[in-house]
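Undergrad: Sequence:
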Amino acid sequence: MNTAHSAHPAATVVPPQAPAVESAAGTAVLELRNAAVRLGGATIWSGVDLRVGPGEFVAVLGPNGAGKSTLLKALLGVLPVASGQVSVLGQPPGRASRRIGYLPQRRSFDTSARIRGSDLIRLGLDGDRWGVPLPFGRRSRAAARRVAEAIDLVGAAGYAGRPVGECSGGEQQRLLLAQALIRQPELLLLDEPLDSLDLPSQAAAAALISRICRDQGVTVVMVAHDVNPILSHLDRVVYLAAGAAAAGTPAEVITGETLTRLFGTPVEVLTASDGRLVVVGQPEPPALHTDRHAGGGAP
1 MNTAHSAHPA
11 ATVVPPQAPA
21 VESAAGTAVL
31 ELRNAAVRLG
41 GATIWSGVDL
51 RVGPGEFVAV
61 LGPNGAGKST
71 LLKALLGVLP
81 VASGQVSVLG
91 QPPGRASRRI
101 GYLPQRRSFD
111 TSARIRGSDL
121 IRLGLDGDRW
131 GVPLPFGRRS
141 RAAARRVAEA
151 IDLVGAAGYA
161 GRPVGECSGG
171 EQQRLLLAQA
181 LIRQPELLLL
191 DEPLDSLDLP
201 SQAAAAALIS
211 RICRDQGVTV
221 VMVAHDVNPI
231 LSHLDRVVYL
241 AAGAAAAGTP
251 AEVITGETLT
261 RLFGTPVEVL
271 TASDGRLVVV
281 GQPEPPALHT
291 DRHAGGGAP
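Counting with the numbering used here, you get residues 1 to 299 for the letters of the sequence shown.
Just so you know, not all the hints are guaranteed correct.
[Claimed, not checked] No farther apart than 25 Å at their CA atoms in a straight line, the calculated lysine to any residue pairs in the SDA-like style are these:
no. : residue 1 : residue 2
1   : 73        : 225
2   : 73        : 83
3   : 73        : 92
4   : 73        : 249
5   : 73        : 141
6   : 73        : 36
7   : 73        : 112
8   : 73        : 53
Hints were generated in silico from the structure; no laboratory data involved.
Modelling step: build the complete structure from the supplied sequences, incorporating the hints.
TA: Structural data, given as structure tokens:
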């Protein structure tokens, strides 16, 4: 989906239109109430209301510069909210970091990178500790089991022993996903994990993330440039534009009426013959897959 641009007119906040699935205790994994973030004296977005339940798959969409990655940073506690309330796993942002897996915007590893995939994954378990892990003892055996489980979870057994520089883009992404999952998080925050992959790899990675979400009960919040590879897997969408937000199911949010309200300019959403969504209004320049996906490789 090519996300529409606007000249950032005054926008009306659209509140969530569908209740999130809640746990038996009645608590949400994520909850934002009238939240706002300011950077350099400018409001990036405001009036964001969102409630996400356990095991939901949520996409964060919007044009470049709308504050999609900023939303993840606010959830991580890296950026404070200027107003409103944010709760992450029942606590203020930053308090439950060990229960969160985070995959930032990726950069391909240089072909000369010699660290093995399995060692890269283990960094997610003990990379914050000083010194080199001992290759023996109870802790080492437990860590090895966790690494093996993470490798199996993402289907990376065939290449986890190779240097990451020799792996394809899709293989590298699976290794990084395993790194984010190794501590068995309750919440997984992914910042454009599909952006550098070719289309078949995008579909495979989206299906993998969806399976982890369902089978492991992990709540997933993914920043995405194109909703189409993940559309069939989504429970909920947050669309950021012109400093405001709309949240709800994909059918509720990705509509001409809702996006027109957000952007303050006429926007039309079309469905192509293959089921893909196309946003027409003031779209971004079309992405050149030959450039964006260079080196993406098979998943």
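Undergrad: Sort out whether residue 83 lies within 25 Å of residue 73, counting only the CA atoms.
TA: With a Cα-Cα distance of about 15 Å, the restraint between residue 73 and residue 83 holds, given a limit of 25 Å.
Undergrad: Would the pair residue 73 and residue 53 pass a check requiring their Cα atoms to be no farther apart than 25 Å?
TA: Status holds; Cα separation ~19 Å.
Undergrad: Does residue 73 pair with residue 141 here, judged by a C-alpha cut-off of 25 Å?
TA: At roughly 34 Å apart (the allowed maximum being 25 Å), residue 141 and residue 73 break the hint.
Undergrad: Within a Cα-Cα threshold of 25 Å, do residue 73 and residue 225 meet the stated pairing?
TA: Roughly 17 Å between the alpha carbons, so the hint for residue 73 and residue 225 holds.
Undergrad: Is the straight-line distance between the alpha-carbon of residue 73 and that of residue 92 25 Å or less?
TA: Holds - the C-alpha atoms of residue 92 and residue 73 are around 13 Å apart, at most 25 Å.
Undergrad: Residue 73 and residue 112: Cα distance at most 25 Å?
TA: 31 Å, violated
Undergrad: Residue 73 and residue 36: Cα distance at most 25 Å?
TA: 13 Å, holds
Undergrad: Please work out if residue 73 and residue 249 have their alpha carbons no farther apart than 25 Å.
TA: 23 Å, holds
This entry does not satisfy hints 5, 7, going by the numbered hints stated previously.
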